[in-house]
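Participant: For reference, the chains in residue letters:
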Amino acid sequence: MSTQIALDTFVAETGGWVAAQLEACTRCGICAEACHFYQATGNPDFAPVWKIEVLRKAYEQRMTPGGKLKTAFHIEKKIDDQELLDWSKIVYEACTVCNKCSMACPMGIDLGPLIHNVRTGLAAAGLVPADLAAAVQKQLDEGSPLGVTDDVFADRIDWVQDDWDVDIPIDKEGSDTMVVFSSIEIMKFPENLADIARILNTAGENWTLSSKGREVVNFGFYEGSPEHTALFLQKLVDAATELKVKKIVVTECGHAYDALRWTAANLIDVPKELEITHIVALMDKFVSEGKIKLKKGAFDGSGGIAFHDACKIQRRGGHIEEPRRLLNILAPESFRELTPNKEQAICCGGGGGVIAIKEADPYRFAVFGLKIDQAKVAGADTVVMACSNCRLQFLDGIQHYGSELKIKGLSNMVAEAMEGAN
Amino acid sequence: MTWTDTLEFLRGPLFRIAFLVFIAGLAYRLIRVVTLGWPKDKVLSAGSKAKGVATTYVKAIGIFPFIPWVKKTFNGNAVTFLAGGMFHVGLISVILLGTAHMLAWKSLLGFGWPTLSLPIIDWLAAATIAAMVALLVNRLTHPVVRKLSGPAEFLNWTLVFLPMVTGYMMTHHMFFRYETLFSLHMLTVDVMLIWIPFSRLSHFVFYFFSRTIHGAQFGKRAVTP
Chain A
1 MSTQIALDTF VAETGGWVAA QLEACTRCGI CAEACHFYQA TGNPDFAPVW
51 KIEVLRKAYE QRMTPGGKLK TAFHIEKKID DQELLDWSKI VYEACTVCNK
101 CSMACPMGID LGPLIHNVRT GLAAAGLVPA DLAAAVQKQL DEGSPLGVTD
151 DVFADRIDWV QDDWDVDIPI DKEGSDTMVV FSSIEIMKFP ENLADIARIL
201 NTAGENWTLS SKGREVVNFG FYEGSPEHTA LFLQKLVDAA TELKVKKIVV
251 TECGHAYDAL RWTAANLIDV PKELEITHIV ALMDKFVSEG KIKLKKGAFD
301 GSGGIAFHDA CKIQRRGGHI EEPRRLLNIL APESFRELTP NKEQAICCGG
351 GGGVIAIKEA DPYRFAVFGL KIDQAKVAGA DTVVMACSNC RLQFLDGIQH
401 YGSELKIKGL SNMVAEAMEG AN
Chain B
423 MTWTDTLEFL RGPLFRIAFL VFIAGLAYRL IRVVTLGWPK DKVLSAGSKA
473 KGVATTYVKA IGIFPFIPWV KKTFNGNAVT FLAGGMFHVG LISVILLGTA
523 HMLAWKSLLG FGWPTLSLPI IDWLAAATIA AMVALLVNRL THPVVRKLSG
573 PAEFLNWTLV FLPMVTGYMM THHMFFRYET LFSLHMLTVD VMLIWIPFSR
623 LSHFVFYFFS RTIHGAQFGK RAVTP
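These protein sequences, in sequence, are chains A and B. Be aware that the first sequence starts at 1, since it is given in the numbering used here, and climbs by one per residue. Be aware that the second sequence starts at 423, since it is given in the numbering used here, and climbs by one per residue.
Treat the hints with caution; some may be incorrect.
Unchecked claim - As a list, the in silico DSBU-like pairs of lysine-lysine whose alpha-carbon atoms are at most 35 Å apart:
#1 B:528 - A:342
#2 A:272 - B:642
#3 B:642 - A:376
#4 B:528 - A:293
Unchecked claim - Not close to chain A: a few residues of chain B, all C-beta gaps over 10 Å, as computed:
#5 427
#6 446
#7 457
#8 503
#9 531
#10 570
#11 571
#12 581
#13 593
#14 599
Hints listed in this document are in silico derivations from the structure and should not be mistaken for laboratory results. Only a predicted model underlies this, so the values are computations on that prediction, with no experimental measurement involved. From the three backbone atoms N, C-alpha and C, an ideal C-beta is built for every residue, glycine too.
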């Protein structure tokens, strides 16, 4: 039964866009070398092309004459329940949808979105790993997968305002900008709230938080369900419309940015004049417009500092140069690049919902070994990033490996180096 | 029936049928995919899709085959990159720039073009055949590629390998009479042409879709593809 739903979903989502790319694949296997999960484990099941094998099979068996003939004459077995369960493991536990594979494919197939399509079929069939499904349910029930209810939100913001002595406006009508934090920041990195608030206040930005659109994390996007994704996105767009803001700023959260900036308009109605941007881009703009001044070399002299490119903010987000411009002010002497970097960067291994699935721990830690090696080669003592999900993975990872690496959020560094802050 | 009669049939009526199946089959595949529907992308671009597409083609056709390590995934796949590259360059050169093939094209199209000298084409053909053997060994030994390979992949390999080998034997008059070798070459070419629309050998048609999508997706985000 669940197989039927998954297959129907695969078929329904197979437009020319998907079909043309499935037809283009030559099964050369080059994508495997781009996949950090394959590189770290050597498991051929984790080859990106194998992750979309079930989608290809469904497409062939249900939509092409050749595939229909093959199943009719029993040359090829029809997809069954067990097969889908196997795929649920590999596409949720061993893929962060970081899309590095699409950079390697000689045919230029955009594998990341296709793997997302596989997740969509599995989500429709109810084959999402239990931990991830529970987090989605929690977001549906409480408005946040990390339990940031209305009360918790109000308490945390009060506490941050008091403890850090910073103004955080909530539901302020007539604001230009609505800022949405992720619950990871609210619950685990509250200093992000304080620091980003200080940056915005110092720059004179007319901004607000929204109590209705308070959670930017979108677990529907992780599981691949367009219905849930749209539901969570709608809350944000509604809140922005209600507050009549011109701009939504996503803070240090990668997949949420991918969902809101690059997916939302294709799932729900987003007003054309509503700008959606990322805090990294905004901080860079503040600096270039002279709205905030950073102390040059504020972080020089304490060892090498490298930037970790988050798959959803840099490769899939487009904000590759902004963090580098900022770091070249903050630590011009100590800044160094990891190899590979920018759009070719290796993902942290915790994205795409992987970090939320307990069974995936061995894989995500194996992958993290690549990041530690990268930092070592680059001579970095500190790794900076602009994604709190990456940051969680880095913190877990260095603990797992007993590494001495120091981890920093870019917004925290900018706030620390800001001159004339109030 | 003599070998000469057989050859006349294989390079005459059967070739025309094979060519027709090749064209009609690919057209059918193409039309079917195009008519599946292409949802409009309503997301506001940060960069230029056209620039992304242009960049990815320049990198893929102009740089990638000659400097494979620009993709940084070269080391793990040296055989696939080098042998795969050699195979494609060799195959296209032999088919378009071999004198005998050019004459076949001329009889179809009505015009010809300058070709490479026989020794060069001969070496290219030998290198292409060697590359195919390397690719087969890689398919059987690399854990990922082996997992991806079923009967269809090996059949595809065989149906491309046979015209290459019979063509090479023909230019060197190896083992059999010329008419026999020519007949075998034409037979395998006909079979391959008929098989292409039914198989992944048709990837060259869909390449332009996936490459364009890739470039547009990266260009839209203002990221270098």
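Participant: Each hint: holds or not?
Facilitator: How the hints compare with the structure:
Taking the CA atoms of residue 528 (chain B) and residue 342 (chain A), the gap is near 49 Å; set against the 35 Å cutoff, the hint is violated. For a cut-off of 35 Å, the pair hint linking residue 272 (chain A) to residue 642 (chain B) stands: about 16 Å separates their Cα positions. Restraint check for residue 642 (chain B) and residue 376 (chain A): the C-alpha separation of about 34 Å stays at or below 35 Å, so the hint holds. For a cut-off of 35 Å, the pair hint linking residue 528 (chain B) to residue 293 (chain A) is broken: about 70 Å separates their Cα positions.
Chain A leaves residue 427 (chain B) outside its interface by the beta-carbon criterion, the shortest separation being 34 Å against a cut-off of 10 Å. No beta-carbon of chain A is positioned within 10 Å of the beta-carbon of residue 446 (chain B); the least distance is around 14 Å. Not every Cβ of chain A is farther than 10 Å from the Cβ of residue 457 (chain B); the closest lies at roughly 7 Å, contradicting the non-interface assignment. Distance check on residue 503 (chain B): its Cβ comes as close as 8 Å (rounded) to a Cβ of chain A, failing to clear the 10 Å threshold; non-interface status is violated.
Residue 531 (chain B), annotated as away from the interface, keeps every beta carbon of chain A farther than 10 Å; the closest lies near 27 Å. Here residue 570 (chain B) does not stay apart from chain A, with its beta-carbon only about 4 Å from theirs, under the 10 Å limit. Some Cβ of chain A comes within 10 Å of the Cβ of residue 571 (chain B); the nearest lies about 7 Å off, and the non-interface call is violated. Distance to chain A confirms residue 581 (chain B) as a non-interface residue, since its nearest Cβ pair spans about 15 Å, more than 10 Å.
Taking the minimum C-beta to C-beta distance to chain A, about 28 Å, the non-interface status of residue 593 (chain B) holds against the 10 Å cut. With a least CB separation of 37 Å from chain A, residue 599 (chain B) remains clear of the 10 Å interface cut-off, as annotated.
In this structure, the earlier hints numbered 1, 4, 7, 8, 10, 11 are contradicted, and the remaining ones agree with it.
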